[in-house]
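> Below are the chains, spelled out letter by letter.
Number of protein chains: 2
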Amino acid sequence: MGNRPKKNVTIYDIAKAANVSPATVSRVLTGNARVSEEKKKLIMEQIEMYDFKPNALARGLSVNKSFTIGFIVPDIKNQYFSTVYYEFEKYALKNNYTALVANSQSNYERESQLLNMFLEKRVDGIVLMGGRVDTNSCDKKYYEEIEEINKIAPVVITSKNENIKVPTVYLDEEQSIYDLVSHLKSQNCSSVGLLCGYDDINVSFIRRKQFREACKFYGLEMRPEWIVDGDFSIEGGIKAMTKLSQCLKVPDAVCCINDMVAAGALNYAHTNNIDVPGDILITGIDGSYICEAAYPQITTIQVEYESFARKVCQMLIDSINQTCSKTEVPSKTKVIVRGSTRRILK
Amino acid sequence: MGNRPKKNVTIYDIAKAANVSPATVSRVLTGNARVSEEKKKLIMEQIEMYDFKPNALARGLSVNKSFTIGFIVPDIKNQYFSTVYYEFEKYALKNNYTALVANSQSNYERESQLLNMFLEKRVDGIVLMGGRVDTNSCDKKYYEEIEEINKIAPVVITSKNENIKVPTVYLDEEQSIYDLVSHLKSQNCSSVGLLCGYDDINVSFIRRKQFREACKFYGLEMRPEWIVDGDFSIEGGIKAMTKLSQCLKVPDAVCCINDMVAAGALNYAHTNNIDVPGDILITGIDGSYICEAAYPQITTIQVEYESFARKVCQMLIDSINQTCSKTEVPSKTKVIVRGSTRRILK
DNA sequence: ACCTTTTTGGAAACCGATTTCATCTATTCG
DNA sequence: CGAATAGATGAAATCGGTTTCCAAAAAGGT
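The listed protein sequences correspond, in order, to chains A and B. Everything in the first sequence is counted per the numbering used here, starting at 14 for the first residue and increasing by one. Everything in the second sequence is counted per the numbering used here, starting at 14 for the first residue and increasing by one.
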């Protein structure tokens, strides 16, 4: 601890020690020019000896590339985001990228601040989840900011969003939502409620629309008063469920915007002696641990995180290399049926 | 998208536009030298006009400081780690630091690779959770690597670990474990089992020891065969519980190494018609969402994430600035009693 | 043996900031 | 009123790599 300010060894030190020029050392470092085996060996030895670690800042400055990526999420505590990041990072590392991670806390000002810091740090690309890329109603100025950062290879993860034109990977949930509703019907369910976010959040808007269509298609009733606003938390689920249960008639299934809300709904059911799945069916979206931890375990629409994140990373790298042709890539989801909707024994 | 390779504007461009020298621009940028109000205004205008963002790589190279921190966790999907990071990042940003986050996947080689990348990127400090800082039996070589990175201000988060001498923030759980066991006793519990990790993981080792002592202190029985190894996952909890229930006599409480395992144990109970808390009490450690999502909600030892992470960040910054005097800082925890152990109505 | 082509490796410029040093101007003081 | 001091600014060196350009050496062809 006391000896911290020990000077870093540089490429010049290695050059001197190996009796060659810095240029030659650099050549063996980058590997993009021929160097005689003899000198190469000598240089490698010295690198080893001195435990030389090339300064990535200097390199980045020189070649104008940092091999780092900025990754912005609303809230890394949310397991949906942390799982996407986990898988993303796996793939990024294979390509020698490392990521700066920051939480926007769904706050536009903070998001701006973060974007700015990332730009100063000369990240090669940006992954943006939530916030202004997942809204239907934010200020024009903010959209312009996105266009702006579009100059440095951003990839955005969201549900489909017409308002934004940057490379996007989105969850393709439509089919799954139909499947889910069909499954509910098969369990003798005839009416469904929705615990959902606000309409100005894009993902809420889309999922709500798709649920409505699917219910209509399968002939399940969905009264307007059964569509309850809320946030994306357990707490929000409990509150929404409380509100829902004040309706004169109550639906016999509730579909939730994500697993946390579903867990909240389930929790409400437990404390109010409502039997799940006997009295009411509950479903989530995402496929997080929480579904398995709850009892009964929660039926959900499972994101295939591994392939989802790989697509994001691939698209980002392609964008960085200017070889990205696609602008929208869908990622599959599938329904996983668990106890919270299993009424009929097979 | 098409116009990506637009050249970045530099301090020279601004200097030229404002009719001053780059030095002067730099002075207003850093603010550590006087510049006449007149020129300052002129320069600011140009910075605004050009939307100039100083190149942090160049700056970092020049002042030998990157304002980035390397943050290594075993698995960001685990809510314990993501919450610590969330709070950490909040505090770090206030101090103008940004963090590279990587998952070691509890794999030593990967951890080494990551440390190396971070060193090359000249991070100002490193936060290391899990992996070799939380083991009692890893190779001497790996400990040396820690000593090595010790040169660049690391802070390590772990349970107390005698083997490692770097600045450490650790969870002070001893009192909480006593409190927890005392609470179990108050619920007419007379014997407890432990679903725990392996002994060579430091945190398992410590918690196991403390639980043993607390049980002895309060006169609760804890048979060796009730201490079941396992990992830190829901799956692990289910398996461990399965194993435990094959014992001739079964304890009337199980304390789990973390909340995930507790959720697994609870899940096992549900599917096997064991009543919680009627037949058996279950407790976790960490205080994650999962405790509230489960039913009954799980009694746990709650980490005070906000203050925990703040301590980590403060200690790291102090280390960076060479003003860190402490080598070990404890962080408080407290018991939160919930349904999974509430047998007696008050 | 001589000329051409290919390898190899060094000198020096460059990336974009900061900072030291020196200069010049303006102010203060005896 | 001249000397001393303070304040503002520019020139140039520096951080540690990469890369271009060129020269020397080696290899190949006739």
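Treat the hints with caution; some may be incorrect.
Which copy? The list can't say, so a pair holds if one copy fits it or any two copies do.
Heads up, simulated PhoX-like pairs for lysine-lysine below, C-alpha to C-alpha not over 20 Å straight-line [claimed, not checked]:
1) Lys66 / Lys154
2) Lys20 / Lys78
3) Lys164 / Lys20
4) Lys339 / Lys229
5) Lys222 / Lys29
6) Lys164 / Lys66
7) Lys66 / Lys339
It should be emphasised that the hints constitute simulated quantities derived from the structure, not laboratory data. No experiment lies behind these values; they were computed from the predicted model shown.
> With identical chains treated as interchangeable, where does the CA-CA distance between Lys339 and Lys229 reach 20 Å or less: within a copy, between copies, both, or neither?
neither (33 Å within a copy, 64 Å between copies)
> How would you label the pair Lys164, Lys20 (within, between, both, or neither) given a Cα cut-off of 20 Å?
between (37 Å within a copy, 11 Å between copies)
> At most 20 Å between CA atoms: does that hold for Lys222 and Lys29 within a copy, between copies, both, or neither?
So Lys222 and Lys29 fail the 20 Å test inside a copy (68 Å) and across (55 Å) alike.
> At most 20 Å between C-alpha atoms: does Lys20 with Lys78 qualify within a copy, between copies, both, or neither?
between (25 Å within a copy, 13 Å between copies)
> Within a copy, between copies, both or neither: where do Lys66 and Lys339 come within 20 Å Cα-Cα?
Neither: 37 Å inside a chain and 29 Å across chains, both beyond 20 Å.
> Since the copies are identical, ignore which copy is meant and state whether Lys164 and Lys66 lie within 20 Å (CA to CA) inside a copy, between copies, both or neither.
between (31 Å within a copy, 14 Å between copies)
> Go through the copies and call it for Lys66 and Lys154: within, between, both or neither, with a Cα cutoff of 20 Å.
between (42 Å within a copy, 19 Å between copies)
In terms of the numbered hints stated before, the structure departs from hints 4, 5 and 7, listed from lowest to highest.
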